[in-house]
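Participant: Turn these sequences into a full structure, and let the hints steer you where they fit.
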Amino acid sequence: KAGVTQTPRYLIKTRGQQVTLSCSPISGHRSVSWYQQTPGQGLQFLFEYFSETQRNKGNFPGRFSGRQFSNSRSEMNVSTLELGDSALYLCASSPGTEASSPLHFGNGTRLTVT
Amino acid sequence: GENVEQHPSTLSVQEGDSAVIKCTYSDSASNYFPWYKQELGKGPQLIIDIRSNVGEKKDQRIAVTLNKTAKHFSLHITETQPEDSAVYFCAASNLNNEKLTFGTGTRLTIIP
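In the order they appear, the protein sequences are chains P and X.
Numbered by the numbering used here, the letters in the first sequence go through residues 1 to 114 in order.
Numbered by the numbering used here, the letters in the second sequence go through residues 1 to 112 in order.
It is possible that some hints are incorrect.
List of simulated lysine to aspartate or glutamate pairs, EDC-like, C-alpha gap at most 20 Å [claimed, not checked]:
#1 P:K57 - X:E98
#2 X:K42 - X:E83
#3 P:K57 - X:D27
#4 X:K22 - X:D59
#5 P:K57 - P:E75
#6 X:K37 - X:D27
#7 P:K57 - X:E2
#8 X:K22 - X:E5
#9 X:K58 - X:E98
Please keep in mind that the hints were generated in silico from the structure rather than gathered at the bench.
All of these numbers come straight from a predicted model, not from anything done at the bench.
Facilitator: Rendered as structure tokens:
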């Protein structure tokens, strides 16, 4: 089975711009979660989608949004980029919605905001 | 909400020695505790997990222990090898077992 695919791998944006990141989950996985990884902060939960519905949301401002399509692929969008949004954004898919359902992570999208 | 603290943030160990990483959690209702390993340039990968009805679990050179009373759990790696060098994350489930809260990570370096 192919793993979780995230595109693009690297992005450089300017403050004030917006960005869209894409995630293709493992075939058959209907749950997709997004995390922000920064040095010292670890993995911060952004949101989780299941069957095109947002199930959980972390403590991020409304500039961070996401969606899931009928084929389980997911996108996240960040509007009005700030320097502090520079981070590695990880997508993870899992076969179920329980916390105990193993997360399968992609290799991430490295976003740099200048 | 759940708060997970992880220590140390960095750890250097001589090859062949053991490494121990510790995590504490705040929500006494948490019942699932996984550990993820993140190699350079890759996403985290689940390496071992433990549920609250078990005190210890082993898988070859790695083991996890859980102390529910003290609300802490630990990852133990024995006979460390260079390929063990990575960042390790602990996590704990929330009350409704809906999502995980991750620790801030430990960068483990194995010295040849």
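Participant: A separate judgement is required for each hint: does it hold in the structure or not?
Facilitator: How the hints compare with the structure:
1. P:K57 - X:E98: holds, 11 Å
2. X:K42 - X:E83: holds, 14 Å
3. P:K57 - X:D27: holds, 19 Å
4. X:K22 - X:D59: holds, 18 Å
5. P:K57 - P:E75: Given that 20 Å is the threshold and the Cα spacing comes to 15 Å, the pair holds.
6. X:K37 - X:D27: Answer violated: K37 of chain X to D27 of chain X is near 23 Å, above 20 Å.
7. P:K57 - X:E2: This hinted pair holds, its Cα atoms lying about 14 Å apart.
8. X:K22 - X:E5: With a Cα-Cα distance of about 8 Å, the restraint between K22 of chain X and E5 of chain X holds, given a limit of 20 Å.
9. X:K58 - X:E98: violated, 25 Å
Of the numbered hints given earlier, the model fails hints 6, 9; all others are met.
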